Amino acid sequence: MLQHLFGFKGGVKPQTNKAPSVQQAIGQAPLPERLYVPLHQSIGGSPNPLVEAGEQVLKGQLIGGADGWMSAAVHAPTSGIVLAIEQHVAAHPSGLPTLTVVIAPDGRDEWIARTPLDYRSLAPERVREALRDAGVVGLGGAVFPSHAKLTAASSVAVEQLVINGAECEPFMTCDDLLMRERAEEIVRGSAIFRELLAARRVLIGIEDNKPEAVAAMQAAVQRLGEDHEVVAVPTRYPAGGAKQLIRVLTGKEVPASKRSTELGVQCFNVATAYTAYRALAYGEPVISRIVTLTGNVLQPRNWEVRLGTPLRNLVALGQPKADTSSYLMGGPMMGFEIPDLAAPVIKATNCVIAGSPTLFPPRPPEMPCIRCGACAEVCPHELQPFELYWFARARNFGKTQEYHLFDCIECGCCSYVCPSHIPLVQYFRFAKSEIWSREREKQAAEAAKARFELRNARAEREQAEKAERLARAATTRSSERKPASVAASPPVAVSEPGVASAVASEPAIAPTPVDADALKKATIVAAMERARAQRAAVQPRNTEQLTPQQQREIAAIEARRANLQAESPPDAVNQPRRAAE
Amino acid sequence: MAFSTPPYVLGPGSVRRVMLQVLIGLLPGIAAYIWLLGASIVLQLLIATVAALAGEALMLWLRGKPQGLFLSDGSAVVTAWLIALAFPPLAPWWLIVGGTLFAIVVAKHLYGGLGQNPFNPAMIAFAVCIVSFPALMSQWPALGLKLTLVEQLKFIAGLIPRIDVMSGATPLDALKTALKLGEGTVDVPTLLATQEVFGNFAGRGWEWVSVGYLVGGLWLWQKKIISWQAPLGFLGSLFLLAAVLWIWSPQQFANPFFHLFSGGSMLGAFFIVTDPVSGSTTSRGKLIFGFAAGVLAYLIRVFGGYPDGIAFAVLLMNLCVPLIDMYTQPPIFGMKNER
Ligand code: SF4
Ligand code: SF4
Chain E
1 MLQHLFGFKG GVKPQTNKAP SVQQAIGQAP LPERLYVPLH QSIGGSPNPL
51 VEAGEQVLKG QLIGGADGWM SAAVHAPTSG IVLAIEQHVA AHPSGLPTLT
101 VVIAPDGRDE WIARTPLDYR SLAPERVREA LRDAGVVGLG GAVFPSHAKL
151 TAASSVAVEQ LVINGAECEP FMTCDDLLMR ERAEEIVRGS AIFRELLAAR
201 RVLIGIEDNK PEAVAAMQAA VQRLGEDHEV VAVPTRYPAG GAKQLIRVLT
251 GKEVPASKRS TELGVQCFNV ATAYTAYRAL AYGEPVISRI VTLTGNVLQP
301 RNWEVRLGTP LRNLVALGQP KADTSSYLMG GPMMGFEIPD LAAPVIKATN
351 CVIAGSPTLF PPRPPEMPCI RCGACAEVCP HELQPFELYW FARARNFGKT
401 QEYHLFDCIE CGCCSYVCPS HIPLVQYFRF AKSEIWSRER EKQAAEAAKA
451 RFELRNARAE REQAEKAERL ARAATTRSSE RKPASVAASP PVAVSEPGVA
501 SAVASEPAIA PTPVDADALK KATIVAAMER ARAQRAAVQP RNTEQLTPQQ
551 QREIAAIEAR RANLQAESPP DAVNQPRRAA E
Chain U
1 MAFSTPPYVL GPGSVRRVML QVLIGLLPGI AAYIWLLGAS IVLQLLIATV
51 AALAGEALML WLRGKPQGLF LSDGSAVVTA WLIALAFPPL APWWLIVGGT
101 LFAIVVAKHL YGGLGQNPFN PAMIAFAVCI VSFPALMSQW PALGLKLTLV
151 EQLKFIAGLI PRIDVMSGAT PLDALKTALK LGEGTVDVPT LLATQEVFGN
201 FAGRGWEWVS VGYLVGGLWL WQKKIISWQA PLGFLGSLFL LAAVLWIWSP
251 QQFANPFFHL FSGGSMLGAF FIVTDPVSGS TTSRGKLIFG FAAGVLAYLI
301 RVFGGYPDGI AFAVLLMNLC VPLIDMYTQP PIFGMKNER
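Quick mapping for you: the protein sequence lines, in order, are chains E and U. Under the UniProt record's numbering, the first residue of the first sequence carries the number 1, and numbering increases by one thereafter. Under the UniProt record's numbering, the first residue of the second sequence carries the number 1, and numbering increases by one thereafter.
If you're looking for bench data, these hints aren't it; they were derived computationally from the structure. None of these values were measured; they are calculated from a predicted model. Accuracy of the hints is not assured; some may be wrong.
Said to hold, decoys possible - Partial list, derived from the structure: chain E residues whose beta carbon lies under 10 Å from chain U:
#, residue
1, 14
2, 258
3, 334
4, 363
5, 420
6, 464
Glycine included, every Cβ here is placed at the ideal spot set by N, Cα and C.
Excised from the complex, chain U in its bound form (with noise of 0.2 Å):
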């Protein structure tokens, strides 16, 4: 008998099915992506996956593990393509392939590897690389500049100098420079009409990839992947926060669907503070990383020195964790009608 231990009969699931489901769950978002900025993201895509599954099989390989039980287990790749799509499109290759293997080697590996990570090594990846390269990780492309594909390989390689082309901002980034900027002469719904980065309800393009990323992410909660608690903790504090400051000072301050539909909420929202691992654990711990999160990620988005506060946010509620775990212990069975 292969196994002599009960249940003798197990479900469908696995972590390879569970990886596939969430790869399956970025695509609406990466579609989006591609019609709207070029196939440039699939190779960026690309060049991440087989940056972390070399990583991957490097560590492995390093500690003993059995590697194509890990390598196929799908983990590397969505952290890798995480990374691909919380980067500037156009970065140069380099600058994902160091992202990527920081994340595998560092953040994953060297903490024990899979389902041992404190941090979300996709946000550890894109931390260190704002922080070490804060021009070029918030140089997106401008809109308007109608590349052809051959131009962002070239980018991507470096083989073009990027300044001159680049406008170098993404809605949210635009939107904060512009009222830095103007200091006080100009007013948010001015911005928001007349300059071009901004879209329908948010900045032009990234709105319908969000869009992209909310069915993606609805559709994983329907397959169970991941619950509602932390999505709706984020957006709902994301939300509440902006709308607060937007009806005090409609000037100074972006409405609230701009806030929802700009930068990486969505993308946040439904593929990072759900990641499980690095995550809370309890129903009422997952809302709470989830509000904590979308609070800090508005404050650090408007008030910091950053264009996108998540991946700051996200690492900060990962440190918060165990804390968080500890307390937000359900009851068990019987024990609710217990005096």
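Excised from the complex, chain E in its bound form (with noise of 0.2 Å):
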């Protein structure tokens, strides 16, 4: 197999440590006494419970529809009993609450009836549903539902199926065993996904520290017939994120202002095409995943966990040595501090680490900037990071975006080569947020100033249109009434635009002048009162669309900050940007 490799620039070598966790075959962790299910777990809608406390639920039930065609679903991933449906810890940087399904089980494990699809006969409409409904997004760590990554651009057929195995961040080995062990189901998952996207070819890119698994992914495609390419791409992070592994297969850049399928590629994870197979012909929605658990334990070694496990339970299983001080949830590259232990296993979930002061030694002081390059030499997206740190650090944000900030995916590299020690990823991502967060109130300061301008617009118009009116109405009937008695009406009143001597002019209708304020003032004290009850009322639902909204950041950041092994670049890191621009 002569595959022509692309080289990507920049990139490092961190130590991989990657030997303690691939010594045993994954293991089965055991079912905690409780199971914290997140309701949002992938990028787009948050699902809608659909079920409620005291429900029984069986393993791989529907318990919560997707949202929305951006949306995948979630299920009970045993057997058992909801307890409550409530706010919970998540497994998020920020340690937010979320709306959590808790499922007490009931130790049968019992399944729902499970029905295979023939995926082969339906329209691909309907396995892209069914994808959907089964909950199947990339596992690399990026969650994008991936359903919606398998339409082709109507404009560009799909040339190359990309499925990432490349794992590049350091103690990660969840798709090295995954490979090893279970490489026939990855094939036949990747032929579907092929199959859907029309895709000409179909090339496996697994980093070459990983001889294992080329080889039973090389043993798995050859027994099954198919022409997939198994590829051994160097050993370099990020080699395993999305548009890296792009470029070393295909030599196609994809810039961050494009989606991949635009240039005729796509990219998935390869424990995404062993869900999506599971799904489709077992009828197993995701109700587990794969994760490393390593790093300052004393047993490193691959799980299948269910989801909703607590990240507690995990760690307990490795046996966390004496001097643990933190855990790390993805590789120590990319991912994020643990807030609190009580937060669930999710779909994101590859990667635990246990830290101590040795694996993680405290960051030395931050010294200034020397203009070194060496940020630049290893920045994958060849950007300048140090320009962006300084136009960060000096608050000039649309510097930053002429430097391009919104290409950088947040890998690291820079802050990981700095001689200064500088947290380069940590100015960027301030910088990105910062304009996000400007960009909402501008729009959210526009959309006042227009909400403002059409209520005065309104007003003046209907004031208009009322004077007209009764103006008119007095004219007429005062030559109604000429004939009857002229004296009953002044003919001043009738030259008087305003409302009030309109109204006061009109003794038919219009209560006496004593009357007019009476009721001008009742009209006040109605309007008041309507405006006490809107904002009563609008008041709940403000505080009630808190949380959304938080998980809609959430949503946002998690976006953001996909993961290396995120599959293609998810919309929402797109967004802001066009936004901003």
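Assembly of the complex is requested from the two constituent chains, each provided in isolation within its own frame, with the hints serving as guidance.
As structure tokens, then:
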């Protein structure tokens, strides 16, 4: 197999530390006493709960329905009783709570009726729906709903389908083990993706530090008679970044402003292909995933873990050493520190690393930038990180955008090499969030201004119309009445334009002047009452909205931080940029 | 947790390490220097280092910055060594001290300290001193002037009247002066062949110091402390310009190798135009920066009023860096295939 490889610029070679967790086969993590299944586990809309507290659920039962097209369903990981649907701490750097279904397993682990789909005979549309309803999302960590990526761009045919088995983050081995042990299912899943996209070629990219995985995948491809190409790619972080892998395998560079399908290529993680196949061929929704548990533990290993398992239960399996000071979720390059071990394993949890001061020593003090250019040298997106850093520091956000801030994938290569130990990525995230919030503020202000102007215009128009109407009415009446009683209608009143005087000039309809005042007062009181009622009605809704709003923000942050195993640029990453430009 | 922002692992690099490697890169040149001119250079290095650290400490204290962190970063020592190596080896101690203090206090700290200086501090020191003390700055020990260490120390301490024993010229300067004085009666090939100051392929002795800097520079490049663009641009333009003029009139102009291995060419190419802080940061920018500095250095050294032109060339180019950087921003990932 002679596959020409195209390198990508930049990248670093941190110590991989992968050996400890590949010594044992994937283990089955025991069922915990309680499962905390967050409803919002993927990019896009937040699924609505479909169960109630006290309800009995079966393993694989739908408990959260996909909210719109860009969303994915959530299922019960085992059979048991729903104890509550409540806010529970999420596996997110902020530690903010999210709406969570709490399940007490009954121990029977009883499946719902599983119906394998004959996906070959189904319309592609149905297959995509099935994947959405099975909760299939990018398991590399980006959790982008897979079905949404399975539509080819209308103008460009899909040339290559890239299956990402590169797994370049240090410590992480969940994909490696999955490929070693379940290669056939991955290959079959890839074939389904290929069919849906009508892709010409399938390229499976695996970093060359995983020879066993390469061999297993090659064997599976041969056994199944597929013509997928298994390609060993050089080991260099972030070779597993979707864009870097696409570049290495196809030579195509996907800019931040484009989706890979526009260039005729799409990319999925191996674990995603695996779950897609299980979902279609066995009717098994995504209720568990492989998680690497490693670092400062006595038993580093990969575990198949039910979604919703509290991280505390998971880390206990590894027997953390006494000096463990923290836990990371994801790899050390792009992961985050887990704020609370009560947070559950979710679809994005690919790796949990126990940290110690020796393993992750404190960052040395930050020094000024010496413009050495090391950061630019390693930036896989060929940015000038130090320029971005200067501008971000100076809060010159316009300039940061000129220097392509939003093309930064936050891979951390620049921070890794900076001799001045400047936390560059942190500055970039700060600049991005600052730009987003300003954009939001601006939009809100503009909307408010538009509303205000609209209201003013309407009030004016209504007032003018009313005046006109009254004036017209007064004229007609006075002319009608003239023959009967000339004195009853003083001509002065007719010529006066004001509403009040027009009202006053109509003794037949309007009350006496005293009554008019009273009426006005009553109207004002009524209006105020209405406004109060409106405010009262609006306020609780606002507080209710706070959580979904926060959840959306979390989604945006997650999209942005899309792990390197990310399979394709989630749109959420690009949208704010377009909005900001 | 000591730091809770990714990446949680860091590479081995640090400012101190970078500076240390630059100092190591200077060692082959210094070794040749000692072998050629005696140990007095070690004293000069020491004097400059002490002055630089003292100036640094003072300014850090005045600016309320952490002393230990910055004093140990090595950047002041690099500046000090470059000054000591660029100045005449027997220059009086106060000249080195004054130059170094000026570099650290004014050129570095008054512009904001480490990483903020728009001009190369060592070159500022050189420029200021050669403008203020042109005679002292042009007095290089004559060859064949075999001085004992004690005599060298006395020179540095200012205990010996200088003028009578110093020949006062580097090979570059000797060539220029001879050509000027000879007014057409002498030609370069004869000069190079007959005068003792000129060695095998450049100035006697100096050529080996230059080779030392070349070796150290190549090592720095191999260690990825410097990139090839600036040195290549610098040496390339110097070589090209010298070659063109030499081919045009070999009687009047020295050959290109003479220029590459004379004066501060190699020191400048690998240790001055590669200064990250005051140089250009983009790849194309570095090439332009080096190339233009080489052209300027040649013009000043051959046609200008100073024996060597590197300091002024570099300072002039430092001025242009913002402009160069602005116009040489490389395309980013994915921009190349956008039409
Ligand atoms: S690596 Fe650090 S010190 Fe070097 S240019 Fe980049 S930000 Fe500045
Ligand atoms: S974090 Fe951003 S700027 Fe830094 S190397 Fe990665 S892509 Fe480049």
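Right, here's what the structure says about each hint:
| no. | hint | verdict |
| --- | --- | --- |
| 1 | 14 | holds, 5 Å |
| 2 | 258 | holds, 7 Å |
| 3 | 334 | holds, 5 Å |
| 4 | 363 | holds, 4 Å |
| 5 | 420 | holds, 6 Å |
| 6 | 464 | violated, 53 Å |
Violation of the numbered hints given earlier is confined to hint 6; every other hint is satisfied by the structure.
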